[in-house]
Each structure stands twice: as C-alpha cells, then as structure tokens.
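Enquirer: If you're matching them up, the sequences are chains A and B in order. Take any residue in the first sequence, count from 1 to its spot, add 76: that is its number in this note's numbering. Take any residue in the second sequence, count from 1 to its spot, add 7: that is its number in this note's numbering.
Everything labelled a hint here was simulated from the structure, so no lab data went into it. Hints are not guaranteed to be accurate.
[Unchecked claim] Listing some non-contacts, in silico: residues in chain A with all C-beta distances to chain B over 10 angstroms:
| no. | residue |
| --- | --- |
| 1 | Gly211 |
| 2 | Leu225 |
| 3 | Glu275 |
| 4 | Pro332 |
[What the hints assert, rightly or not] Mimicking SDA-like on lysine to any residue, the simulated pairs with C-alpha atoms at most 25 angstroms apart in a straight line are:
| no. | chain 1 | residue 1 | chain 2 | residue 2 |
| --- | --- | --- | --- | --- |
| 5 | A | Lys306 | B | Val44 |
| 6 | A | Lys168 | A | Leu225 |
| 7 | B | Lys242 | B | Asp20 |
| 8 | B | Lys174 | A | Arg253 |
| 9 | A | Lys115 | A | Lys306 |
| 10 | A | Lys375 | B | Thr191 |
| 11 | A | Lys375 | B | Leu173 |
| 12 | A | Lys277 | B | Asn79 |
| 13 | A | Lys277 | B | Asp20 |
| 14 | A | Lys96 | A | Arg109 |
Cβ coordinates follow ideal geometry from the N, Cα and C atoms, glycine included.
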Amino acid sequence: MMPEMNHEGFWVFIEQIQGKISDVGLELLGKARELADAKGTYVGAVLLGDIPHKEAYSLLSYGADRVYLFSHPLLGVYHALAYTKLIASLVKREKPEALFVGATPLGADLAPRLAAVLETGLSAHCVDLRLGEDGILEQVVAGFGGSWLAVIVCPERRPQMATVMPGVFKKPEPTKRDGEVIPEQVEVKESDLVPPVMEVKPKEKKTVALDSADVVICGGYGMGSKENWKMLEELAKLLGGAVGATRPAVDEGWAPEEVMIGQSGKTVHPTLYIGAGVSGVMHHVVGIQDAEVVVVINKDPHAPFFEVCDFGVVGEVEKVLPVLIKKLKERQEAQKI
Amino acid sequence: MPRAVVCVKPIPDPKYWDRLSLDPEKGVLRREGIPTVINPLDKHALEVALDLKDRFGWEVVVVSMAPPDTLNTLREALAMGADRAFLASDRALAGADTLATAYTLAGLIKKVAQPCDLVLCGNMSLDGSTSQVAPQIAHFLGIPHITHVSKVETKDGKTFKITMDLKEVHMSFSCDSPITLAVTKEVNLPRLVNIMGILAAEAKPLEVLDAQGIGLDPSKIGQAGSPTRVRNLFKPEIKRRRKVIKGEPEKVVEELLNNLHQVGVL
Chain A
77 MMPEMNHEGF WVFIEQIQGK ISDVGLELLG KARELADAKG TYVGAVLLGD IPHKEAYSLL
137 SYGADRVYLF SHPLLGVYHA LAYTKLIASL VKREKPEALF VGATPLGADL APRLAAVLET
197 GLSAHCVDLR LGEDGILEQV VAGFGGSWLA VIVCPERRPQ MATVMPGVFK KPEPTKRDGE
257 VIPEQVEVKE SDLVPPVMEV KPKEKKTVAL DSADVVICGG YGMGSKENWK MLEELAKLLG
317 GAVGATRPAV DEGWAPEEVM IGQSGKTVHP TLYIGAGVSG VMHHVVGIQD AEVVVVINKD
377 PHAPFFEVCD FGVVGEVEKV LPVLIKKLKE RQEAQKI
Chain B
8 MPRAVVCVKP IPDPKYWDRL SLDPEKGVLR REGIPTVINP LDKHALEVAL DLKDRFGWEV
68 VVVSMAPPDT LNTLREALAM GADRAFLASD RALAGADTLA TAYTLAGLIK KVAQPCDLVL
128 CGNMSLDGST SQVAPQIAHF LGIPHITHVS KVETKDGKTF KITMDLKEVH MSFSCDSPIT
188 LAVTKEVNLP RLVNIMGILA AEAKPLEVLD AQGIGLDPSK IGQAGSPTRV RNLFKPEIKR
248 RRKVIKGEPE KVVEELLNNL HQVGVL
C-alpha cells in the first residue's frame with residue numbers, strides 16, 4: 077500500500093502550562109525546521125490556550141511558517157478530550173505528514189489519544205528523528221531501559237506521529253522570520269470538558285540548572301551517604317556546573333527527582349560529565365550520550381561505565397573526590413596569580 | 008456491583024534484561040528462558056481496584072494480552088485479590104503496536120467486563136515504556152482518560168477526585184462516570200501476595216480467549232492492525248576513549264586533570 081497521499085508539512089504541538097510555553101515545543105520546532113528544509117516543505121505549530129495573538133507570533137522566530145492558534149478561555153487549562161477534538165479536526169483538514177509532541181506528562185496524555193482518533197501510528201519518547209532514504213520519518217526509540225534502540229516507521233498512515241523527550245534537541249536561537257498566525261475557530265462549551273477540572277495547583281518551583289549546564293557532576297548509589305553527596309556540590313561549584321543523580325541515588329533521598337539523569341529523567345548535553353559512584357547502566361548512559369567528555373570514578377573496575385567513558389578512574393569516591401577538589405582549587409589559585 | 012478492570016502487562020523480569028538477544032531473522036528480541044513478571048506499575052493499578060473492592064464491594068477483573076506462557080502473572084493478580092482474569096492470546100495478535108494492543112484490550116473488556124466503571128492501567132511499562140496504551144483503550148471504549156494519576160480519592164465509591172501530576176502543576180478532576188486511569192507509583196503501596204491469596208486464586212476463573220472468541224476485526228489486530236513497523240533494532244554504540252586510570256588518589260587525579268586539560272575541557 078502506498079502512503080496516504082497529499083500529506084505535507086512537519087508540525088509541532090506547542091505545549092503551554094499556565095500560559096507559559098514549554099521549551100520542548102521550541103526544541104521540536106528547530107528539528108521540524110531542519111526536516112522540512114530537507115524535504116522542501118513547511119513547518120506548522122499548533123498552539124491551544126488562553127493566549128494572546130502576539131504570543132503566537134513568537135513561534136515564527138523559532139522556525140514555524142504557520143501557527144494555528146486556538147485561543148479561548150476554556151482552553152487555558154489542558155483537557156484531553158477538548159484538545160484532541162480540536163487538533164484532530166485541524167489535522168484532518170490540513171493533512172500534515174508528521175506531527176511531533178513533547179514527551180512531557182501533558183504530551184504523553186494527549187498524543188496517544190490523538191493518534192487513536194486519527195488512526196495513525198505513534199512512537200514514544202523518541203531519542204532521535206531523521207529522514208530515511210525513502211523520505212519516511214525514522215523515529216528512534218529506546219526500549220528495555222535504553223539497552224536497545226529501535227528505528228520505528230509509520231509507512232502508510234499519516235500523519236507520522238512521535239513524542240520526543242525534552243532536551244533531546246537543542247532549542248534554536250530565535251531569528252527574525254516571516255510567517256503567518258492563523259486564528260482557528262474554537263467551539264467549546266464548559267459541558268464538553270468531561271471530566272470537569274476541579275483545581276489546578278502549581279507545584280513548588282524548583283529551579284534546575286542541569287538542562288543548560290556546561291559541566292554536570294552526577295552522583296550514583298556508590299556515593300554511599302548524604303554526607304558524601306556534599307563533595308559533589310563542592311565540585312560542581314568549583315567547575316561552575318550542576319549536580320545530577322542516578323535513579324538509585326534519588327531513591328536513597330540524596331537528591332531530588334528533578335535532577336535525575338537517564339531514560340526516565342533528564343537528558344543532558346554538557347561539555348564535561350563526571351559520574352561518581354555511578355555504575356553506568358544503560359538507562360542512565362542514554363541520558364548523557366551527548367556529553368563531550370565523560371569521566372567516571374568508581375571503585376569497581378568491572379562497572380559497565382568503564383566501557384563507555386572517556387576517562388575512568390578506579391578508586392573509592394571518598395578518597396578520590398577530596399583530592400580532586402583540592403587539586404582543582406590549587407590550579408584555580410595558580411591561575412589567579 | 009460496580010466493576011473495575013485492571014490491565015496487566017507481563018514483562019521479562021528486568022533482572023535478566025542483559026540476557027535479551029536479537030533474533031536477526033525476525034528482527035525481534037529473544038525472550039526465551041527469561042521469567043515474566045507483572046509490570047511493576049500495574050500492581051499499583053491493581054491496588055487501586057482492590058482498595059475499592061475492600062471498601063465498597065467492587066468486582067475486580069484483570070485483563071491482559073500476551074502469549075499463554077505468561078499465565079503465571081494473571082494467577083499472581085488473582086492471588087493478590089482480583090476476582091476474575093482473562094488473557095487475550097492468539098498468534099494473530101503478535102506484532103501489535105500500541106494501537107492494535109489497545110483495540111484488542113478494549114475488545115476484551117467489552118466482551119468480558121461490561122459494564123465497567125473504571126479501567127485502570129500502570130502509567131507505563133518498564134520494557135516498552137510507551138505510556139500510550141491507556142489513552143488508546145479509553146478511545147476504543149469511548150470514555151475519557153487521565154494519565155499520570157498520583158492520587159485517587161473517594162468517600163463513597165461513586166464520586167472520585169483524581170489528581171494528575173503534570174510536572175509544573177497538579178490538576179484534579181471530579182469523576183462520576185466511567186473513565187480510564189493510568190497511575191504512577193505515588194498512588195499507593197501495592198499489597199503483597201500471601202498464602203491464603205494463593206490458595207483462593209486456584210478456584211477463581213482464569214480464561215484464555217483468542218481473537219475470534221473476543222470478536223475482533225482481523226484487520227485491526229496484530230501486525231496487520233499496527234500502523235507502525237520496527238525498521239531496525241540495534242544496541243546503542245557509544246564511541247568513547249575508554250582510558251582507565253588506576254593507582255593512588257594523588258596520582259590518578261593528577262593524571263585525570265592532565266588528560267582533561269589536554270582534551271580542552273579544563
């Protein structure tokens with residue numbers, strides 16, 4: 077069977093929460109721009125919310141050619157059925173060839189329902205998107221905790237849909253570009269919102285510098301205690317970096333869930349990554365594969381991380397880290413003179 | 008009697024994932040010899056249902072789609088306290104992606120557990136990690152869904168307050184009609200199986216149905232009903248220098264810093 081014909085354009089669903097546009101949508105606009113240029117087609121952005129017109133224009137500078145805007149007070153808060161209905165009818169009318177959604181909780185709630193309504197394929201939590209030689213979108217997903225990667229395609233149905241983890245693609249620099257904002261009709265009533273929303277409570281804001289950090293110091297189970305964890309913070313401070321953690325370290329309560337690195341946590345892109353007491357299981361390693369230089373410190377010379385690091389120090393973190401901190405301080409002092 | 012359906016996915020025991028190997032001819036992973044366990048989050052979904060059974064006398068039905076050698080996982084669900092269990096199992100179901108899986112499970116639910124008041128799933132499976140099946144089951148059942156559910160509250164077993172954990176906000180919904188929920192581990196602590204439960208499970212109905220028995224449309228199941236295909240399966244290749252430094256702390260740190268300086272990151 078041939079692919080459904082006349083489908084054109086790479087689209088991105090732009091997530092907003094409480095009126096603030098999430099970075100993942102902008103990251104995906106950058107990728108969609110690249111794919112659309114390679115295929116000679118356009119980039120569409122789909123934005124729903126209680127959003128002023130001018131806010132939608134900002135998306136043009138991140139790579140969109142057309143922004144489809146559904147603005148309505150009842151759309152300010154996410155609602156699966158209302159959002160699905162509006163986006164599905166737009167997709168059926170405009171026939172894009174692909175639609176990308178951030179693999180955030182909101183995106184992971186919306187995209188599967190939308191794909192089912194559109195009777196098309198959807199791949200989850202992609203770690204890469206690229207065009208195959210046949211022009212079909214290749215969606216790279218990780219399975220079994222990241223120990224296997226699979227290339228998923230949707231050969232016949234359109235749009236080809238994928239959710240993508242935040243941080244996988246870089247947010248583009250905004251540039252001045254032409255394009256149009258297309259206001260869409262919104263017919264939605266309070267009674268359409270089933271089940272009704274009772275309340276929306278902002279969670280306590282924790283700022284995480286990890287996403288954009290140039291140096292990431294990551295602690296694992298081998299750090300051994302909350303007391304030892306302080307060495308990581310000191311090291312991060314010395315190198316102007318941020319502290320991350322593995323799942324077991326988060327489970328021990330040494331670090332908050334927000335800084336967890338790996339398949340079910342964050343993807344980071346530092347110049348330098350130092351893992352201390354980290355064994356290097358695949359679902360952690362997939363979160364740091366874009367790091368330029370990877371250092372691991374672990375007392376077990378058989379830890380899997382030694383196979384996939386640049387520099388592996390065999391030694392106990394309690395002994396190596398204080399020396400590392402001391403010597404870095406010495407070097408920094410020497411540079412000041 | 009109000010009824011909860013819990014969807015359970017048998018997965019290869021994560022302890023043995025290093026034993027998974029690629030079948031180059033079929034392009035699938037070989038799982039032979041690896042024991043199957045209930046996907047951990049599905050136990051939290053089951054616990055939500057069992058709590059409703061304990062407090063308000065709900066019936067708890069477990070459904071699954073898998074090869075027949077995974078029946079042990081359904082027996083475990085019955086031993087935890089579920090009343091009946093059904094497995095959709097058929098060669099024609101093999102190769103299903105999430106859309107075909109959701110169509111199949113929704114068909115099974117319509118066949119064996121109608122009407123149902125709540126459909127409960129784990130928010131994601133550890134092996135495939137798609138988180139896609141629950142909203143798609145809801146679509147095929149024609150009911151709403153909420154994923155990332157961190158709290159299920161009810162005073163009467165009729166009206167529910169459901170809390171969804173989006174990263175930036177908590178949203179809560181008021182539900183009093185059928186809905187599909189996908190729960191996270193924050194929702195509860197699943198009970199353990201005890202010997203009484205295991206003995207009681209032996210007398211409970213456990214049935215295997217094939218595609219025809221469920222009344223499924225052959226064009227919507229298995230590989231035929233799946234819009235997506237796996238084009239390629241591979242182990243991630245990571246190119247690194249792999250230089251190992253051993254010795255006394257003073258010496259190794261010095262060598263490490265020199266190396267980092269050389270490659271230009273310090």
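Enquirer: Hint by hint, say whether it matches the structure.
Expert: Checked hints:
no. : hint                   : in the structure
1   : Gly211                 : holds (13 angstroms)
2   : Leu225                 : violated (5 angstroms)
3   : Glu275                 : violated (5 angstroms)
4   : Pro332                 : holds (13 angstroms)
5   : A:Lys306 with B:Val44  : violated (38 angstroms)
6   : A:Lys168 with A:Leu225 : violated (31 angstroms)
7   : B:Lys242 with B:Asp20  : holds (19 angstroms)
8   : B:Lys174 with A:Arg253 : violated (32 angstroms)
9   : A:Lys115 with A:Lys306 : violated (50 angstroms)
10  : A:Lys375 with B:Thr191 : violated (34 angstroms)
11  : A:Lys375 with B:Leu173 : violated (38 angstroms)
12  : A:Lys277 with B:Asn79  : violated (41 angstroms)
13  : A:Lys277 with B:Asp20  : violated (37 angstroms)
14  : A:Lys96 with A:Arg109  : holds (22 angstroms)
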